[in-house]
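Chain by chain, the residues run as shown.
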Amino acid sequence: MKPNVLCVDDEPVNLILFEANLNKKFNIITAHNAECGLDVLARNKDIRVIFSDMKMPGMNGIDFIANAKNISPQGNFYIMTGFEVTDEIQEAIDNKYISMYFKKPLNYMAISSEIERVLGQINT
Amino acid sequence: MNAQYDPLQHSFCLISGAELWTFGPLSIYLLNQKCPRDQNVIMSTFRFEYRITFAYLIIGALWIIFSDRAIDAFIGDKDLLTNAQTYKGWFYVLITAVLFFLFLKKHLAQLRRTESELEKHRDKLQELVMEKTKDLDQAVKDLYMKNEVINRQNEELRQALKDLQDTQAQLIQSDKMASLGVLTAGVAHEINNPLNYIAGGVAGLRSVMQECNTQNERTDLFLDSINQGIERISSIVSGLNNFSRNTDKYDEACNINEILEHCLVIIDSQLTNSISVARNFSDKPLVIHGNVGQLHQVFINVLLNALQSIENKGTITITTSAENHAAVVKIGDTGSGIEEENMSKITDPFFTTKAPGEGTGLGLSITYNIVKRHKGSISFKSEPNTGTVVTIELPV
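Same order as they appear, the protein sequences are chains Y and X.
Following my numbering, the numbering of the first sequence begins with 1 at its first residue and continues without gaps.
Following my numbering, the numbering of the second sequence begins with 125 at its first residue and continues without gaps.
What the hints contain is simulated information worked out from the structure, not anything from laboratory work.
Built from N, CA and C at the ideal position, the CB exists for glycine as well.
There's no promise every hint is true.
Claimed, not checked - Derived CB-CB ranges, DEER-like: (1) Y:D10 / X:L295: 30 to 38 Å; (2) Y:M1 / X:S298: 50 to 58 Å; (3) Y:V118 / X:N448: 39 to 47 Å; (4) Y:D10 / X:D348: 26 to 34 Å; (5) X:S406 / Y:C36: 48 to 56 Å; (6) Y:A66 / X:S349: 40 to 48 Å; (7) Y:C36 / X:Q292: 48 to 56 Å; (8) X:I354 / Y:K96: 27 to 35 Å; (9) X:G483 / Y:C36: 49 to 57 Å; (10) Y:C36 / X:L395: 45 to 53 Å; (11) X:I354 / Y:C36: 24 to 32 Å; (12) X:K478 / Y:F102: 37 to 45 Å.
Only chain X is shown next, with the shape it has when bound in the complex (with noise of 0.2 Å):
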């Protein structure tokens, strides 16, 4: 029995198990004591497995060792001792429980500490993003609306420089107008009156010569023909007198027939022999309510541009018709035309594309502004080097 007891084989076979155990944690604790949290996390990690496996090995093995000793010192009763050495054995492993119980407690509450503060931290962190999230939302809404009010100022401050623009037009034109229509109506009371003298004393011979007998076919022609220059000259006054007239009244008969007629007369001057004019007059007088004097500048304008994009041959068609309770006017020509880019600014008021010094540009949007006085219309259809069609339309 003694031959095969051997108190180190056994101790170490008790040992084997339970005080492993207990010195195994116990290092772990004692070492885990040692390891600052701050370290490197992989570094602390690697030296932590080995520093457990080496402390276990060496502390499970000294017990062994010198446990196993102590007992076999002191007690010599070999019952006693199996005892005792179980009794060390419950004892190792007692304190490994406890400690086991104690380092895991302590880990994991440590674990769940850190998980529901990640957790807190996590949702604040959440929140955080929510609330700048909606703080984003609502700079990004206000700079939308502060853009929407910054293109709308644009909007403004653009309409206002367009209404100064055509202002501005408008009160060239007008003074213009005004000096003009006092030098034409001096100069027409000056025309008139010696006119008045050669038309009275042609009235005169005639019926002299009609007393006398001395009237023939040959003193009819001569009267005649003096007859028909006092009536050119006096159409011609009375074209200018009409189209310089300054009065703000828009109820004013205007034979639109007639004031083409006069305009024609009044740009004739202009009309070369290589530019030809065919009127498709209405049969019927096309009368509408309005400003003579600013029909008679709105057509003007129009066949002015119309003959000055006629370069060297060609034709202004005028045609005058009634439609749906408006006098409808188109006058085209077999001129240059209007760019396409240039479509939507030839009512502008300063645009021109010509020279310095040959065009104001304030043609055509005196024309729009006085038309739109008028609530009519007028619309333009050109195509570059084939001409340009005009259409005005004033209702009755």
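Just chain Y, with the same shape it has in the complex (with noise of 0.2 Å):
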């Protein structure tokens, strides 16, 4: 059974191809925006992966993991942004709140690896 992986965003074209690219490797649970993440997030306690966008109507992705990491401690928490790295996202890097971020357009190569790594060591 692949790896459940959760991802975030507004935008329904994202995710969309977030899953398409990704959907070889892992089980890409889609999310279209914060509160909704968070239900997924409590009825499936066995995702560790999580991807947020950072710019989101209502929640944003830092508040969004702030939740988040109470629902499922032990999740590793990435943010997707169009920005530039803010102050927001270096602090939340900074606390550990998120292992990294990632910058639109999105590498989906590199984000594949990092959740391969990501989960070896879980696994291990």
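Two chains, two frames, a set of hints: combine them into the complex.
Structure (structure tokens):
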């Protein structure tokens, strides 16, 4: 069975492309906003890798991760952003809230190898 | 004996010495009393001499004639006459001596008094002059000190004005950069999202083609072209974003060569074919701690000045190197150069040689301040009509 990976983004095209480019190795679960994402996490306790867009209506990526950490403390979180690294993102990295961030346009090869790396760490 | 004696002659002989001496000073004394002191000195001296002589002669002669006659008239005895004449002579001498003494005493006393008064006066005058000189010295000293205070205040005012202008320039700049930052961040986000669609689409297409075995050299060529386009757009957006980034942090890792590349991308549209850019970048990456956005502004300002100074054809040479724990960036151009008299003013806020509306005169002032905030240095070497080399040193 392929490992579950959650992707939260308010833009449907981004979700479709994320799923399409990574579904060979991983089971991609998508959520179109932060609230949905938290729901998914609550129902699927085995999700260890979570990707979130930064700028979303309502809760932004960092706020979502702050809440998600409560539900899934073992999760590895990543931010995807169309901006350069902001102070907020840098702070989240410094506090180890997120493992790293990916700039858009996304490099799916890099994302894929990062997921494999972190899952390998969890399994050993 | 009688025939031999001539009383007139005799008395004249006796009198010619003593009697004349008596009446001379007397007449001088009397004449002197009548001579007012406040008259013209030369005039009174002149009169005095003549009067003395005249009076002396008259009184002396009268005395000789009448005293002898009077004695002759009263005394018949010749021996007694001779004695009387002798006593008369002695009397004459005594009176003359007393008068002489009084006269000299009075005059000398007056002279001495005058002299001592003069001396006192002179001392007083000297004292007064010294006092005045001292006062004058003090006044000059006070004036000098006041002048110094004024000069210092002037200098302070000049500095305050410069600080004010600096602050104004910084305010304008930070205001501009803040607006630009918001704008470019928004634009970057809006561009990066659709760019993500394209990049994701290309990645998806490639894997589909691999699965269906339809991937070949031609499809790779097209997909690679699209990817190159994505990268180009992405780097422009990233450069713009870095340039207008608004943070107050000075501990960001700044890769100097990378920042220069970003800047060249941003100013690329202004680089015409006649201007070539030569890159002599260091082999190893030059990384310093600083503010990424502000360093972009530094190099963009200097690069824009370089390319604007080139009228037709020219070259911009960028050299980077690591020297003594500092990153050294040299940006040279073959442009119009800076006039000698402007060299000291080029970093002043609002100083510009460009026409109104073409330049604010803030570029180098902002650049200078940013470099200073990075504890670095900036220097200019220029020759009119030959070009300028700007050297920026930033400590690692």
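Structure-based check of each hint:
{"no.": "1", "hint": "Y:D10 / X:L295: 30 to 38 Å", "verdict": "37 Å, holds"}
{"no.": "2", "hint": "Y:M1 / X:S298: 50 to 58 Å", "verdict": "55 Å, holds"}
{"no.": "3", "hint": "Y:V118 / X:N448: 39 to 47 Å", "verdict": "42 Å, holds"}
{"no.": "4", "hint": "Y:D10 / X:D348: 26 to 34 Å", "verdict": "31 Å, holds"}
{"no.": "5", "hint": "X:S406 / Y:C36: 48 to 56 Å", "verdict": "49 Å, holds"}
{"no.": "6", "hint": "Y:A66 / X:S349: 40 to 48 Å", "verdict": "42 Å, holds"}
{"no.": "7", "hint": "Y:C36 / X:Q292: 48 to 56 Å", "verdict": "50 Å, holds"}
{"no.": "8", "hint": "X:I354 / Y:K96: 27 to 35 Å", "verdict": "31 Å, holds"}
{"no.": "9", "hint": "X:G483 / Y:C36: 49 to 57 Å", "verdict": "53 Å, holds"}
{"no.": "10", "hint": "Y:C36 / X:L395: 45 to 53 Å", "verdict": "48 Å, holds"}
{"no.": "11", "hint": "X:I354 / Y:C36: 24 to 32 Å", "verdict": "29 Å, holds"}
{"no.": "12", "hint": "X:K478 / Y:F102: 37 to 45 Å", "verdict": "43 Å, holds"}
Checked against the numbered hints above, the structure breaks none of them.
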